[in-house]
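Residues per chain, in single letters:
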Amino acid sequence: MSEKEIGKKLDRCLADGVVKLGTGLGLGIVFSVLFFKRRTWPITLFSGAGLGMAYANCQHDLRSHYLLHTSEQQKQ
Amino acid sequence: MLRVCLRGVKATAQKSSGRIRLTNVHQCREYTTGESSGASRVVTAGLLTVTGGIGGTIIYSKWDHKFRAAVERNVPYSEWLLGLALGPASQDAGLPTRKQMEFIQPPSMMEKQMKTSKAKSEKKLKETTEHGVQDSDPASSQPAQNIQAEASAEATQIISAISEVQSVPAPCDTEPTAAAETATVLQDTESAATAEPLRERPAEEVAARLAQQNQDEKDVIASLSARLDDSLASSAKATLQAIGAQEAALQAITHHTHKLKEAMEAEGPSEEKSTQWKDLEAALASRTTSVNDAKTALVKANEVLDSLKSVIDKSKGLKISAARPLILAAEENLHKMVVDLDKVVSKVQSAESEAKIVAQYSELVQEARQQFQREVSSLTPEIQANWKGLTGKLSTDDLNALIAHAHRRIDQLNRELAEQRVREQIRMEAALEQQRAEDQKALDKAIGTASQHVKEEARLEQERKLVELREVIEAEMRTQLRRQAAAHTDHVRDVLKVQEQELRAEAEQVLSSKLLEQETRYRQLTQEQLDDFTLDMNAAYARLKGVEEAIDSHVEAEEAARKAHQLWLSVEALTYALKTASAESPSMPLEDAAEAMRASCVDNDFALALASALPEESLKRGVYSEASLRARFNSLRSLARRVALIDESHNTLYQYFLSYVQAALLFEKQQEVPPTQLHSEDLDTFKLLSYASYCLEHGDLELAAKLVNQLRGEARRVVEDWLTEARLTLETRQVISLLSAYANAVGLGTTQAP
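So the sequence lines, in the order shown, correspond to chains A and B.
So the first sequence is numbered by this note's numbering: it starts at 20 and just counts up by one.
So the second sequence is numbered by this note's numbering: it starts at 1024 and just counts up by one.
So that you can see chain B by itself, here it is in the shape it has in the complex (with noise of 0.2 Å):
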């Protein structure tokens, strides 16, 4: 019925809907008969977005690997498509080789560190090298850059072969010089590998070595200090000697050429002229001592120069870190000390060549001058040198021979002039050359040992960087040498706390446990005395106990025997209360009785419950005796008889009647023994009241009083007071007896045995 229904809704629902989907979908066809163009329109430009999306992506992941991977990460199934369209996403493809070897070398440097085998160093070493070899400048720079790299080198190595700690070597100017130290540092842990083996010196050991080591390196410190210092000083005197000299020889000369020129230029005195000359060579000869001396010095000073550049390179060779400075400072002296002595002997030589020159001069005066008198001379021989003073003594003919040669002189000298003139071109053509080549040469000289100044300068000022680069360095790795021994003391300390926790909670366990095994031995010893004690205590104390227990047993025996007496003597009465029922009236209230056997049995439970089962009706008015009941019962009988047809259902007058009649005509046996078992039939009335006046004439009123309480109806109203009589009686006798039974019982129990 529900499917029908359903089925019916259903259908009419799809018809309905059916004919709404007609009637749509006639509307969609009438819209998409008008626009079916526009709507492919759309359609197509979306595929043709979304296809020239994801191809831009393809193509894009494909230039670009950080985008793939960032498309691969988010959205969720472009992994598989770029896999399907590029191939696997490769790592090293789109990568510079420069990156490639950044990535290499660090891990090529912790593998190092982190294991010691030669084999995987060396190919590491390999690729690196390779790769050192390919980026970095070639192997030109490496032995130039190797000695710098050396005590950085040698630091890192040391760190790393102590711990695991990335140490990483003090900065360097250019990427290639670090590949290049990379390459070398691992050139030298290879070579230190394959030279000795790693293997763990003892501590002490280790600091003797080194205590020896720095005294060692202190000896030859102070030797070579010590010698620098000699060395030093000794040059240092004969440079400042040579100086001096060449100073002196300066002036001496400075001085020679001055004379020289004074005495070729004054025309003073004969006198004044003589002791010029006499001061001239008196010059000279200071000059050329000096000269010599200056010499002499010079070389004394070169030699020292050179004894102390010996030294500095044979304390260079010693390769102490310490000596640096000292060497250092000893080198910087000394080429200020070439320096000067250098500029002194240039001043010399300029001085030289300019007194040179002068004398130059002022020879070709001195022939001038010699010529002239000669020819002088020769033309009159009387005129003395000095002819200035003889203008008043000469005669015509002597004035004009004088003139004549005169004017033949000036002749000559003109023509000489003329030729001179010309020659002067040519040998100042030549001059000039000669200078010229000269010039070039000093120029070289002064080029070569400017040059050599300058390298010797610039050579002197790397070592000074070089120093102090290196006492950064040393600073540095003091720090890491000293973080890495507070590191490494902390871990052996935290080793130690650690170790020491265990060995104090497996001592404190060891001295636990045997305390325990102490204490429970201790306590098993005790426990047994006192077990031992209590059990003789426990045994004293039982037969205490037991005499105490029977003497007050005697005395409770006694005393329950007597309140036993008591309470049987108070039930009797109660007893007997019970017999002063008359044959109509009911016994006496129990009341009393009741109440002196309560009095009698105060503290026995049993016996108050029995006496407050008591009813009332009997306390306060007394039982019937059954000899009453009875009498009642054979009148009740026919009353019942009567009304036995009255009940619910049944109760006009005329069932009366009828029941009336019923009771006068049947008859029924005036006792009947109750059979044992009380069948259905067995409920009739009549029979009912047969069986119960049997049982009441053989004095069993309790049956009697069942066999009444089966009546029902009106029958049943009618016996109702007799009935509950009968229970009361039946009651209170129970209880009686049972009082009496129980102070039998208990006056019974309070006997003594024999």
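The shape of chain A in the complex, shown without the other chains (with noise of 0.2 Å):
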């Protein structure tokens, strides 16, 4: 069903937006108190980066209809 793929999309983005900030929290945190003398900054820095991450990707899924891919342009 067509009408759900968008569903599925925008649940799969939810899902890797929060995993990936988790994730990039929890690196943001280790190096925060690793490397970086817990400071602040690493965390936000990873879990940006972690939820930009999360937006690209989102992006791209929902993108990905109307990408058209090399092999694609080759076979045209």
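Do not take every clue at face value.
Claimed, not checked - Distance condition first, Cα-Cα at most 25 Å in a straight line; then the derived SDA-like pairs of lysine to any residue:
#1 A:Lys28 x B:Ser1661
#2 B:Lys1710 x A:Met20
#3 A:Lys23 x B:Gly1736
#4 A:Lys27 x B:Ala1687
#5 B:Lys1366 x B:Glu1461
#6 A:Lys27 x B:Glu1607
#7 B:Lys1710 x B:Ala1686
#8 B:Lys1643 x A:Glu22
#9 A:Lys23 x B:Leu1681
#10 A:Lys27 x B:Tyr1683
#11 A:Lys28 x B:Tyr1677
#12 B:Lys1710 x A:Ile25
#13 B:Lys1729 x A:Met20
Note that these hints are calculated values from the structure, not bench results.
Quick caveat, the model's predicted, so the values are computed rather than measured.
If you follow the hints, you should be able to join the two separate chains into one complex; please do so.
As structure tokens, this is what we get:
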């Protein structure tokens, strides 16, 4: 069902976002603790990075139909 | 730009070439300044040679016309040049008159043969006679040759009058003779033309005439030959007689002469002398008789020969060619006889002259003897003639007287001898003169006879040659005539053949046309009959067919009705199957129903096609009902609203957010009546969705699907599945409705009118 697609995509996005955020956060915390003397900026950096990655992934996923891969282009 | 370039190129080229040319000219000038005289010398030499060549050609072509013709033929504009220099090429100037005559003669002969008009032939004749006279021997030869040429002239006349083949007369010895002959030929032809106009006699008459002529000729020849033979025989007999007589005379004369000689010389006893004299007399008598006989015989022979000659002349006057050999033979015989006769006569004459001499001599001797006798008797009368036996009886006186007489006689005789010698001289001279004269006469006569004989012989020879020649000519003419006849028969045969072919073709044509007419008429009749019969047959057949068809159609109609009922039932089953769709799940798979329907319309292509047009999905899975689609659409609508801004170019996450916000903030009518025509502003997602809702609410799935089809971008992607389903449903429904309509129609169709 094509109408369910978008819902699925969004679900994935969310899940991915949560995961990436969490991972980022965690990694940030770890790094901050380990290497950056408990500053906050690694945490925000990594979490932001995580979020950004999630955003990019989500966008890519939502866009994926409209993007033509080079293999398809070659086929065309 | 291009032109400028070209101009620049040209300018550079010119400059460079100018430079080069300058250098060349410079160089040449250097050369020419050094050897200018050499070049001019070469030029003048060349010019001289060319002019010399041209002048020489012109002069030589003036002299030799063949050369001129050759030059004119091979060199293109030489005609004009030579015409300018020499005047037009004249034909007659260079040729000698003999060649001219040659040219004119054959055309004149041929012209004469081609045209029968007298005027032209006369003109040509005059020309040729003039020329003939100019160049050939003068007219003296013509009459002499006329008789000779006559036969060949006649032959050519006949041949040339009949056909167009140029026949050459028998080869003559010299050209002037030929010219004379042709002149005489033309003269003869002219006279013949003037004498009687040429008209064609019918063939039988000609044959009859020819036969008659042949018969006459044969008769004449027969009579002539008979006459000739008679006269020849008689003349031969007479001549032989004459010759015999002459020979006898000759014999007699010789005998007589011999006897005379003997008598004079012999001094035997008197009895012998008397017998001798008697014999002599007898011989003389026989001689005279024989000479007379000979003379008469000669006269008779001459008579007969004259008559023979006259006969020959007469037969010659008849001019029949076939008799010529006979005449010739007769003439030869005559000539031989004459020659023999003359020979014998001359022999006789010589014998006679000899006899005369001997006689004179004998007379003289006699006279002397007598004289002596007389003297002796005068002196001594007693002494008898035979004084030789008296030698013992004579006395001395007598002896002295006799001696004295003898001396006196001797003196007298000496004186007489001297006198006689002188007289003898004179007489000898006179006699010689006489003899010379007689000899001359005899010689003349002999010459005359010899020349006559020679002439006669020559004439005979000529006649013989003429006969031979005539025979040859006759043979040739016969071959030519035969050839003529052969050619004529060939020509006639060809003409006949052509005519036959033509006539045959005509007859065949007529026959074929008549046949064709008959055939067409026959065909027409048969065709008419056939047509009538066919018509009747067709009518009957048609009626039969009609009856059969009616029955069949009844059967068929019943069958069709049955089938239609079956079809309708199956379609109804299909429709019912369609109705089994519930709210959420699709209908049952339509395969069975479709199969059943297919079974019921096995021979119906339309129904089969329609059955095959059912989409696979509907057969396998079934279709959704309209209600379920409606419900689905409602849920879809909000989703589509939410992604209304997203398409290929706008599909970032931010756009998604914006689109969501838009959907939250924008309010449109729930359902809007779709216009009959969609304008560009109606293609907005929200509007389309409201139109589609309206349509769905009012049961128009089709229009709703169409409207939804206008969505673009992400919204379209979202509603893709719904659209597919809707399409499926619509298709299936359409097919089934078609089928049912068809089944209804068929069913209706099968109902029979009352």
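Straight-line alpha-carbon gap A:Lys28 to B:Tyr1677, limit 25 Å: Holds, because 15 Å separates the two Cα atoms, which is no more than 25 Å.
Straight-line alpha-carbon gap B:Lys1710 to B:Ala1686, limit 25 Å: Status holds; Cα separation ~13 Å.
Satisfaction of hint between B:Gly1736 and A:Lys23, Cα-Cα up to 25 Å: holds (16 Å)
Straight-line alpha-carbon gap A:Lys23 to B:Leu1681, limit 25 Å: holds (20 Å)
Pair hint outcome, B:Lys1729 versus A:Met20 [Cα-Cα no greater than 25 Å]: holds (19 Å)
Given hint B:Ser1661 paired with A:Lys28 - CA-CA distance at most 25 Å: holds (17 Å)
Hinted pair B:Lys1366 and B:Glu1461, Cα distance within 25 Å: holds (19 Å)
Holds or violated: A:Lys27 to B:Ala1687, with C-alpha atoms at most 25 Å apart: holds (21 Å)
25 Å Cα cutoff - pair B:Lys1710, A:Ile25: holds (22 Å)
Hint consistency between A:Lys27 and B:Tyr1683 [alpha-carbon to alpha-carbon, up to 25 Å]: Roughly 16 Å separates the two Cα atoms, so the pair holds.
Hint consistency between A:Lys27 and B:Glu1607 [alpha-carbon to alpha-carbon, up to 25 Å]: Roughly 21 Å separates the two Cα atoms, so the pair holds.
Satisfaction of hint between A:Glu22 and B:Lys1643, Cα-Cα up to 25 Å: holds (23 Å)
In terms of the numbered hints stated before, the structure departs from none.
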